[in-house]
Structure formats: C-alpha cells, structure tokens
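> Spelled out from the first residue to the last, the chains are:
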Amino acid sequence: MTNKTNSSDAVNRVWKFFTSVKLTVVILLSLAVTSIIGTVIPQSGTASEYFHKYGELRYKILSFLDSIFDIFDMYHSWWFQILLLLLTINIIICSIDRMKATWKIIFVKIPRFNVSRFRRLEDKKEFSDKRTPDELKQIYKPVLSRSYGYSRIEQTDSGFCLFAEKWRWTRLGVYIVHLSIILMLLGSLIGSIFGFEGFVNIPEGESAKKINLRNTTEMHLLDFEIKCEDFSLSFYDSGAPKEYRSSLVIIENGKPVLKKDIIVNDPLRYKGINIFQSSYGTLAPSEVTLSFTIRETGMEYKKKAVINKPVDMPEGLGTFLIKDYSSSAGFKGHNIGEAFMGILTKKTGNPVNIMLPLRFPSFDKMRKGDVIIAVASHNHRYYTGLQVTKDPGVWVVYSGFILMIIGCFVTFFMSHQRLCIEVTGNGNHSMVMVAGTSNKNKIGMQRKIEILSEKLEKLIQSNEEKE
Amino acid sequence: MNSSIILSVTTFVYGLAAFLYIVSWVFKKEAPGKLALWTAVLGLAGNTAGIILRWIESYRLGIGHAPLSNLYESLVFFSWTILLIYLFVERKYKNRTIGAFVTPLAFFAMAYASLHNNSIQPLIPALKSNWLIAHVITCFIGYAAFAIAFGTSCMYLIKKRDTEGKSPLLKKFPTANILDELTYQMIMLGFLFLSIGIITGAVWANSAWGRYWGWDPKETWSLITWFVYATLLHAKMMRGWHGKRIAYLSIAGFAAVLFTYFGVNLLPGLHSYGAMGQ
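Residue numbers (my numbering), protein chains in the order written: chain A, 35 to 501; chain B, 84 to 361.
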C-alpha cells in the first residue's frame, strides 16, 4: 500500500516537473546556447582537416572533448538528442496538462455567460436609448448574429441580455503549434531510421547501382541503376557558373524506365528516392593527341595515345607511355590543375618521368630534353556528383510545417471573444451596457467594444431619423 | 536614371527622415514631425521604385531575377520592409517618437548597403529557384518586425529609467504599457514570419539538396534566434513576464537576428552568397 502511494507520488512529481514552463525556458535557452558550438567548430570533418585547422595541441583537446561530447558532430550527439527528447516530453506533458482545462471550455454545448462578470469590466460602455427593450432586441439581434458565430438572448426582469461569442476554437491554436513541433521531430526520426543520405559519382556514359552513405564507409544498393548519359556545365561571361546539367536515365531490370535532365533545384524522383545534382569533376580523357617537337629541327609530330598504352616516338627516339591523369596535380607545392603523368623510355638510358600539365603546354621545355612533349588536344570527360536520398519522414515534417504556420497565426492573431449587451428598461427608455472579453489581445478587444457601442448608438439614431 | 542612383538618393532621404523624427522628438515640435512623415513616405516610394527598376534592369541585362540575391539587395529590401511596417505602426498608434528610434535603422541598413558592390550579378545555380522570393521576403518581414521591436524595447527601457516622469524628452513617448504591448505585437509578427522563413528555406533546401535541414551555420543561427523569441513568448504568455525583462530578451533576440544576418558570413556554409564582396 505505502509502496503504491510512493510510486504514484513519484509519478506525480515527475509529471509536475515536466509541466513547468520554467523547464521549457531552460531547455529552449540551453538549445540556443549549445547550438552555437556547432556553428563555430566545423561539423563532420575528417581528422586531418581538424588537425590542419587547429594544430596539434588544440586538436588533442578538441578530440578528447569529441570522444565524450561528440563536438565534431554535436547535433547528433547523445546530449543534444537528450535535450530534444526532454523538449518533446515537456511539450507533450504541458499540452496534455493544460488541454484538460481548455477542453472543458471549448467543448460545451451551451456556452455559459455570467452577466455580473461583464458588469464588473472596467472598459464597458453604457448609453441610454429612448426605445423599449423589446424594440431594441429586434434591432440588435441581427447585428450580432452577423459577426459572431454564436448568440442568444436571455430575458431578465426588466429587459434582456444578449450574449454572443466567436472563435472559441482558437484556444486550440497553441496546441496546434505544439503538435507541429512533435510532428517535425517525429518526421526527422522516421527519416533517420527508414531513410538514407548518400552520394555517388558517375562518369559520363556509365551507370551506377551502389551509392556511398554519408558519414560512413557503408554502401547502399539501389533497386535500379542510374545512368549518366551526359554532363554539361555552362558559365556566364563573368566566369561565374550558370548551370550544371546531368542527363540521367533510370534503368530497371535492364530497361530504361525514366529519362530526365536534372539541374540544381530540379531533381529527379523515382520510387521515393531523390537524385540531386550536387557536384561534378573531370576524369582522365579516354583519348589524347600528343605532340612531339624535336628540339634541334623544330619538327612537330602528332600522335594519338591512350592511357597505359605505349606509343612509338617519331624519328626512332623511343617510346612514351601515359601512365596517369590527375585533375589537380601538384608541382613544387603548387596546384597546377589537370595534368598527365607519363614515362619516356629512350633506347639508351633510364626511363624519365614526365608531367604534362594541360594549362602549361610548354612545360616540358624546362626538361631541356631533345624532344619536347605536350598534349595537343584531348576529349574532356566529366563525372557527375549526385546526392541520392530517401526520406519517408518528409511528409510528416511538411505537415508539421503547415500546422506550425496555421498554429502561430491562430495563437498570435485570433482570440476567443465574448460579448454581452445588457438592456434594462427604465420607464419609457432603456439603459444599454456593452462589454466584452477576450483571452488574448485585450487592447484590441477594448477598441472593438468602443466601435461596436458607437455603431449601436448610431444604428438607433438612423432608425429614428427614418421615422 | 538607374536603380543605383535612386537607391543612393533614397539613403539620404531616409537619413533626412530620421533626422527630422529626432528633431521633432527632441524639440517637441509638430511641424518637423509632419515633414518627417512625408519624407519617410517619399523615401519608401524611392525605395520601392529602386527595387522595381533594379528588377527590370536585371531583365534588360538578360539575367532577370528578383533583386533579393545578395547582401546589397537584401539590405535594400530590409530597409523597405522596416519603413513599410513602421508607417503602419505610426498610423495605428499615432505617435511619431517611435520613428526617431526606427527610421535610423533603415538609414543605417541603406548606408551599409552602399558600402557593398551594387552591380547586378547573374544567379548562381543554387539560387535559381522560385523559393528564393518566398524565402527572402518572409525572412526579412520577420527581421524588420524584430528591428522595430528592438526600437520599442529600447524606448521602453529609456522610459523606465526615468521613474519620476520628469524628463521632458519622454513626454511624447507612448506610455510604458503601449510600448510593452507594441513590442509584443511586433515580436509575434516577427516570429510568425521567421517561422515561415525557416520553413520555406527548409522546403527549398529539400528540393535543391535533398534535405530540409543540414545544420549549416546560417540555418542553425536562425534556429537560435527562433529559440530566443520562443523563450520570450513562453515567458510572456505563461509566466506573465512583461516590461524590462521582455525588453532585454527582445534586445537579445535582435542581437541574434543581426548575427544570423551578418555574423554568419564569417563562418563557412551554404549561405555564403549573402556574404561581403559578392
């Protein structure tokens, strides 16, 4: 027995803890402050990047912190997830706790009005009218039922009370906002469990079925193949990039099923999987035209070559083999861009390594050999870098987005407004009192009451003029 | 006549309007106040014309896009939004001292814009999206509302320092209650639009890069700003905070807005096209 009360006490205490708005404030501010860390320390970098950026000592300190607090991937760290979980529990329990009271107010068949409460309001308006309460009732009733969703009349000893109200449901606005946040968090959870985020580089003319998952070394096998038929890029006159375009074909069971050109901001979607233009790069050209210039005579010969196939040089000078290609070759610590690496083998002597940067055609002159080798022309080949994602939670998140906007609007700019017009007969004229309350924006309601009371007064006058 | 000239002139018109608002407030004269209002309206007209003309000019250059694509253009739009919302507030609350605290912000934004490259650049592939307009407009309505809340929060704190109500400078100020209420109204407006701004940004990111949230510094800082104002709203609605504490939180929130807007450009990330020199 005592055990039971103890445990229910504990439950109560936990419940109470989570209903506190103080907790909300603490969590929100903690999220705000800790989020700064990840904007100062670059996230999800490689060890060498961090080492390079911070130097040895600071890198050691930071990587020690990382081993405990995941500061290199803090938004997915255990403590950040705990903060989000606490926020979620806080939102849910706060909402349930307050919902109990709100529910009773919202879902009543006959709204209750208390005249004396309206009488006590400071900013009520009063005026007198020369007509009897019965006549006024006929005039007032349609005015109110037009702009208020609910209205009713109660007879009193010396006249009547007209009650009206509207937008009772807007009290739910804040719960809509809270629900929207739960949906966003839930949607991101669904995405992280059932979705994936990966990338794949596909050379022009080739296709891929396996993609690399981000931040892991794992691969993911797709149900279909992505073929890149062509990649093209264009530039503005200023040299700024204008467009990256990949012509993709989806191949399923050996048959092309979908064909589409994708550009940044216009992805391809197939079977819940999204394929985005994300990067590109250059590949070793498949065919190169080399030029061989004999230093003494100035004679130039051109020959076609393919990688890893030796070509005979002119005038029986030996053979030349293109061994390798790099899109960013290094020379004495400088990046000299695209270059071929080759081996020159003469009839006598040792083979010589030769670098042929595309940007500097006369580079090989520096070697001072008897033949100057250069790349005369080559066919450009690109690969397209595609981001491949699947996120089944995205529609849950999007519905959260929509509810967030609706909920904020309702919570901030709409209120439950209640109105009371009390008319008391006094001899051959009537006393009219106009008063109203709202659960938000009291100043706005005050102004509304002023306007309505003026309107009702004028309404009478214009009727009198007619007579 | 081109948009750059119109916008340069607008900067000076805003400067004049700010000056007149301050004169009207300090010397408690009605005439400069009226003149300030008309100067502000003239400035807003010039600002509007400048934006529209710049849009047309971009089409003439064959690279047509809405003028919302770099720091210069966003600052110009920011000033426009501040002025527009401010003129509504002046009309509704019938008080011109607020102008002395708000119009200088629009002037500073325009003056700061003039320090940056104002040539019309073509859009890089990442920005070529219909979401650009929705995202930038909603974000800047939010920022502008927060800027005005910042102005009224400062006024509130100044007003509250003079506990005996002796200072003649504060006679024309709205009452502390009205300043508190106005701050709150502006923050609600700002919060709604900041939320829509973050959401449109997320939807855009999802359609461009396949993820709606990537914790890039600008995204994160906009969320930090959102957290600060969410705290303020909870403190106000649920704990009944008002007055000074709300004013301080509102100023802290605006500091977060400024960092989201300018400071983040010092950090690496996807939003670097909003950076200096571009």
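Derived from the structure by calculation, the hints contain no laboratory data.
Since we're looking at a predicted model, the values are computed, not measured.
Just so you know, even glycine gets a beta-carbon here, dropped at the ideal spot from N, CA and C.
Hints may be right or wrong, so weigh each one.
[To be verified] Every beta carbon over 12 Å from chain A, so not counted as near; a handful from chain B, in silico: (1) L125; (2) T131; (3) Y142; (4) R143; (5) G145; (6) P187; (7) L240; (8) E264; (9) F274; (10) R322; (11) G346.
[Stated by the list, open to error] Pairs of lysine-lysine, DSSO-like flavour, derived with a Cα cap of 27 Å: (12) K111(B) to K476(A); (13) K243(A) to K294(A); (14) K301(B) to K254(B); (15) K249(B) to K482(A); (16) K175(A) to K143(A); (17) K474(A) to K158(A); (18) K158(A) to K111(B); (19) K261(A) to K424(A); (20) K158(A) to K177(B); (21) K357(A) to K294(A); (22) K111(B) to K474(A); (23) K294(A) to K211(B); (24) K175(B) to K111(B); (25) K319(B) to K474(A); (26) K244(A) to K175(A); (27) K159(A) to K327(B); (28) K482(A) to K211(B).
[Stated by the list, open to error] Reference excerpt, derived from the structure (chain B facing chain A, CB under 7 Å, subset only): (29) I88; (30) G147; (31) L198; (32) N201; (33) S202; (34) P208; (35) L215; (36) I216; (37) A288; (38) W292; (39) G293; (40) I307.
> Each hint: holds or not?
Going down the list of hints, with the structure as the test:
The Cβ of L125(B) sits about 30 Å from the closest Cβ of chain A, beyond the 12 Å cut-off, so the non-interface label holds. At the 12 Å boundary, the C-beta of T131(B) stays outside the reach of chain A, the nearest C-beta of that chain being 26 Å off. Listed as outside the interface, Y142(B) is consistent with that label: its C-beta sits roughly 15 Å from the nearest C-beta of chain A, beyond the 12 Å cut-off. Separation of R143(B) from chain A is adequate, the least Cβ-Cβ distance of about 15 Å exceeding the 12 Å criterion.
A cut-off of 12 Å between C-beta atoms contradicts the statement that G145(B) is not in contact with chain A; the least separation is 10 Å. The Cβ of P187(B) lies farther than 12 Å from every Cβ of chain A, with a closest approach of about 27 Å, so its non-interface assignment holds. Distance check for L240(B) against chain A: the nearest CB is about 21 Å away, which clears 12 Å, and the non-interface claim stands. Consistency note on E264(B): stated as away from chain A, yet its beta-carbon is not over 12 Å from all of that chain's, at 6 Å minimum.
At roughly 7 Å from the closest C-beta of chain A, the C-beta of F274(B) falls inside 12 Å, breaking its exclusion from the interface. Distance to chain A contradicts R322(B) as a non-interface residue, since its nearest Cβ pair spans about 6 Å, not more than 12 Å. Not every C-beta of chain A lies more than 12 Å from that of G346(B), the closest at about 9 Å, which undercuts listing it as non-interface. Between K111(B) and K476(A) the alpha-carbon distance is near 31 Å, which puts this suggested pair outside the 27 Å criterion.
Straight-line distance between C-alpha atoms of K243(A) and K294(A) comes to about 17 Å, which keeps the hinted pair within the 27 Å bound. For the given pair, K301(B) sits about 41 Å from K254(B) by alpha-carbon distance, which is inconsistent with the 27 Å threshold. A C-alpha spacing of about 34 Å is found between K249(B) and K482(A), which places the hinted pair above 27 Å, so the restraint is violated. Distance restraint check for K175(A) and K143(A): the Cα-Cα separation of roughly 21 Å lies within the 27 Å cut-off, and the hinted pair is therefore satisfied.
For a cut-off of 27 Å, the pair hint linking K474(A) to K158(A) stands: about 17 Å separates their Cα positions. Of the pairs offered as hints, the one joining K158(A) and K111(B) is violated, with about 34 Å between alpha carbons and a cut-off of 27 Å exceeded. Between the alpha carbons of K261(A) and K424(A) the distance comes to roughly 18 Å, so the proposed pair stays at or under 27 Å and holds. Proximity of K158(A) to K177(B) is assessed by CA-CA distance (about 24 Å); at most 27 Å being required, the pair is judged to hold.
With a C-alpha separation of about 36 Å, the suggested pairing of K357(A) with K294(A) is violated against the 27 Å cut-off. Taken as a hint, the K111(B) and K474(A) pair is broken in the structure, with Cα atoms around 35 Å apart against an allowance of 27 Å. A threshold of 27 Å between alpha carbons decides the hint, and for K294(A) with K211(B) the separation of about 18 Å falls inside it, so the pair holds. Only pairs whose Cα atoms come within 27 Å are accepted, and K175(B) paired with K111(B) is accepted, the gap being roughly 20 Å.
Using a Cα cut-off of 27 Å, the hinted pair K319(B) and K474(A) holds, with the two alpha carbons roughly 12 Å apart. Restraint check for K244(A) and K175(A): not satisfied, since their Cα atoms lie roughly 72 Å apart, outside the 27 Å limit. For the given pair, K159(A) sits about 32 Å from K327(B) by alpha-carbon distance, which is inconsistent with the 27 Å threshold. With a C-alpha separation of about 46 Å, the suggested pairing of K482(A) with K211(B) is violated against the 27 Å cut-off.
Hint status for I88(B): violated, given a least beta-carbon distance of 23 Å to chain A, over 7 Å. Restraint check, G147(B) versus chain A: the minimum CB separation of about 13 Å is more than 7 Å; hint violated. At its closest, the beta carbon of L198(B) sits 21 Å from a beta carbon of chain A; the interface hint therefore is violated under the 7 Å criterion. Annotation: interface hint on N201(B) violated; nearest CB of chain A at approximately 15 Å, more than 7 Å.
The interface hint given for S202(B) is broken, as the beta carbon of that residue sits about 10 Å from the closest beta carbon of chain A, more than 7 Å. Among the interface hints, the one on P208(B) holds; its C-beta lies about 4 Å from the nearest C-beta in chain A, closer than the 7 Å criterion. Annotation: interface hint on L215(B) violated; nearest CB of chain A at approximately 9 Å, more than 7 Å. A cut of 7 Å between beta carbons decides the hint on I216(B): the least distance to chain A is about 13 Å, and the hint is violated.
Given hint, A288(B) at the interface with chain A, is violated; its Cβ is 10 Å from that chain's nearest Cβ, farther than 7 Å. Nearest Cβ of chain A to the Cβ of W292(B): about 6 Å, under the 7 Å cut. The hint holds. Interface restraint check: G293(B) against chain A, minimum CB-CB distance 4 Å, threshold 7 Å, status holds. This hint holds: I307(B) has a C-beta 5 Å from the nearest C-beta of chain A, less than the 7 Å allowed.
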